[in-house]
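Novice: Residue numbers (the numbering used here), protein chains in the order written: chain A, 448 to 1036; chain B, 2 to 143.
For the record, the hints were derived by calculation from the structure and aren't laboratory data. Keep in mind that the hints are not guaranteed to be accurate.
Derived DSSO-like pairs: lysine-lysine, alpha-carbon spacing no greater than 30 Å straight-line [said to hold, decoys possible]: (1) A:Lys660 with B:Lys83; (2) A:Lys667 with B:Lys3; (3) A:Lys943 with A:Lys664; (4) A:Lys667 with B:Lys83; (5) A:Lys698 with A:Lys681; (6) A:Lys992 with A:Lys825; (7) B:Lys84 with A:Lys664; (8) A:Lys703 with A:Lys906; (9) A:Lys671 with B:Lys29; (10) B:Lys29 with A:Lys664; (11) A:Lys972 with A:Lys943; (12) A:Lys664 with B:Lys83; (13) A:Lys943 with A:Lys913; (14) A:Lys671 with B:Lys3; (15) B:Lys29 with A:Lys943.
Just a few of them, taken from the derived set where beta-carbon distance is under 7 Å, the chain B residues facing chain A [to be verified]: (16) His17; (17) Val30; (18) Leu31; (19) Trp33; (20) Asn34; (21) Lys35; (22) Ile40; (23) Ser41; (24) Ser42; (25) Leu46; (26) Pro124.
The beta-carbon is built from N, C-alpha and C at its ideal position, and this holds for glycine as well.
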Amino acid sequence: MIRDYFRIMMVNLTTGKTTIVELPGRGDYLGGAGLAAHLFDKYGHVDRDWDDPEQPLIFAIGPLTGYFPLMSKTCCAFRSPYHNQYTESYAGGKSALSLRFADLDALVVTGRAKRLTALCVGSRRVETRDVEYLRGFDAIHTGRVLRKMFPGSGRRSILRIGPAGENLSSYACINVDTFRHFGRMGGGTAMGAKNLKGICILGDRGFGLPEGKEYPKLYKEIFKQLTTTEMMAKYHGLGTAVNINPLNELKSLPWKNLQQTSSPEADGISGETFADDTLLRNAACAGCPVGCIHVGFVREQFQTNNQYLYRQVGYDYEPIFSCGGMLEVTDASDVLRILDVIEKEGLDCMSAGVALAWATEALEKGVVSTEETVLDLKWGDAETYMKAVELISRPPNEFYALIAKGTMRCAERYGGQDFACVLGQEMAGYATGEVFFVSEGLGFRHSHLDSGGYAYDQKHEDKDVKRALDFLVQDGRERIVLNCMVGCLFSRGVYKDDLLAEAMASVGYGELHGSVAEIGARVQKLRWRLRLRMGYRPDKVRIPKRYTEITTWKGPLDTDYMEALRAGYAARILEMGAPVDEPGDKEDD
Amino acid sequence: MKALRAARMERCIGCHSCSLACARLVHKVLSWNKAGIRISSSGGLSTGFEARVCLSCHPAPCAEACPTGSLTQRRDGGVLQKKNLCIRCGECAKACPVDAIFLDHEVNPYVCLNCGQCVPFCPHDCLEMVELPKREAEGGAR
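With the rest of the complex left out, here is chain A (with noise of 0.2 Å):
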């Protein structure tokens, strides 16, 4: 299984031809967001959107995965329906050891199928099944009928969309085994525009190990760090919802359509309240001992007599950022009840939370009017929120198809751009200052986990703009690499460049073209090459009025210190991106 060369499937869905692909490059890009980026150079297509039947939706794993801790998650790469550039948006489950097992480097899906479609792939099984009768039904349904249909219980992964990706919202995501989702960006959309309903990866095969001692000691070594250190202690206990209470003292915490950024009403959605109140358990990544993965459950009485049903809902810092705090909904079970109703659509819970915190605003200050909104939206009114949900999964008239598109599209149509949270799409949930609203503004997915602009953020007063940017380039850069083994970003305060040469080395993947370190720089350009030949224009990025507008920890917004951040990220990436001069070196400058 130890090789030198990527190994790939590549499913035709229009033509229903499979094919197997053996590709070298494993030295020069790692794998993971290096591989998928190659791929899509090599596969993708510059000159068509990103609905054109032939764009690859690309899933890759790493050299590492199942080889090592944590080495959990899986890189969904495709043109985005958000912005029609290329993206990538990261999700673990049982994914990434499903395609390890399956013997597959990368999945790649092109084509369209004629009706609605599942696939299921496998180390000797590829087959594709109409399922035209699950057209509308919705994610969590969508998973039990799968579980059915293919075998392999525990030891497969089944990926899915919801309405919202068949509607082809601009950010439905892709749910990966109930509880974990591409999220971002709209991956649920290109599965949607592929009617590809469904995805069954089967994890049915086993390898041989490395000779000697090195690897299993290895392992241990690293196992005993990802389980026993104080710095794994948050994701595992109270999980990322750990952040409301500190991010709202550091007047950081994005709050009613960031009109504030700290809230007394914030103890209600803290991290300390959800454990107590509605944690029902903890689940993981299949090879992540960590289990951050926690389960709240709601119930609810539907009818009289005591008939209750109860509901379970995974959590996180984010989906409690943009469906409790941006909607000043206080109640934890209300914050749960929100996110079901997202989660069964499909959509991206960041996105559908912030476009409703703007439409809320839009509604109070008079942009748009009931004639618009349908419903009466009012801020911490979550059954209100809960029908708003299913109007921008299934849009009954222009103002909803529009916010399903994107906030900043529906407030270009009907004004309010001042106060749209877009930073490239619907902000995450650090209000922390400038390096991070230019960090996730401009970078390459407007992701927080581009890079650590928000710590950086709450641990720098000072305003040197040079450090910042250089800061950001490097951190990035430092992601990218984990990215390409695609481990998870928890664990990197563990997996530093030097522990993944080992790592590499001890399971035979000592042949590299170059350090870690110098690999990441490679897929740092490829990636931002690949976006600026689509079209992206980093110069031209302008961050909304209403970040100007906040007070934070460190005082008023500092806009010219902002400004100048703005100005100089674009140039970096410009520069990252250049085109190379000889076409034979465009792959490995």
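Given the structure of chain A, go ahead and fit chain B onto it with the hints provided.
Specialist: Quick look at chain B alone, frame taken from chain A:
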């Protein structure tokens, strides 16, 4: 004589660390199938997890079904395995009443040998090694 028990599976988070440890340390493979303990959901992740693991029967139906002596009865329950004697007939897996023996695509059987090497890799202490009770002999004597 000690045996493995998946005693607290309601704590299981589905990380598969136990199966991966068994495959890595006992069978020298990278797998979550080729192991003496396999984790599956009991009908989707919202319903929790089950462990497919040897219950240390005595007499062990798998050993009784084995035509070549590759699997033999352990004194107090469970089996010993000699892989070189296996002819890959798959009869052991057919005989197991609790689906605890995994057959790979070459019909190699993987069964728990009660060595306990998976136990320290469970982060939620779901697994334990327990002393098997002395079995009841035929006729009721112990």
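Novice: Now tell me, hint by hint, if it's right for this structure.
Specialist: Hint check:
1. A:Lys660 with B:Lys83: holds (23 Å)
2. A:Lys667 with B:Lys3: Given that 30 Å is the threshold and the Cα spacing comes to 24 Å, the pair holds.
3. A:Lys943 with A:Lys664: holds (18 Å)
4. A:Lys667 with B:Lys83: holds (27 Å)
5. A:Lys698 with A:Lys681: holds (21 Å)
6. A:Lys992 with A:Lys825: Roughly 23 Å between the alpha carbons, so the hint for Lys992 of chain A and Lys825 of chain A holds.
7. B:Lys84 with A:Lys664: holds (25 Å)
8. A:Lys703 with A:Lys906: The hint holds at about 25 Å.
9. A:Lys671 with B:Lys29: holds (20 Å)
10. B:Lys29 with A:Lys664: holds (13 Å)
11. A:Lys972 with A:Lys943: holds (21 Å)
12. A:Lys664 with B:Lys83: holds (26 Å)
13. A:Lys943 with A:Lys913: holds (24 Å)
14. A:Lys671 with B:Lys3: Status holds; Cα separation ~25 Å.
15. B:Lys29 with A:Lys943: At roughly 27 Å apart (the allowed maximum being 30 Å), Lys943 of chain A and Lys29 of chain B satisfy the hint.
16. His17: Check passed: Cβ of His17 of chain B comes within 5 Å of chain A, closer than 7 Å.
17. Val30: Interface hint status for Val30 of chain B: holds (5 Å vs cutoff 7 Å).
18. Leu31: holds (5 Å)
19. Trp33: holds (5 Å)
20. Asn34: Status holds, d = 6 Å.
21. Lys35: Result: holds, 4 Å to nearest chain A Cβ.
22. Ile40: holds (5 Å)
23. Ser41: holds (3 Å)
24. Ser42: holds (5 Å)
25. Leu46: This interface hint holds because 5 Å falls under the 7 Å limit.
26. Pro124: holds (4 Å)
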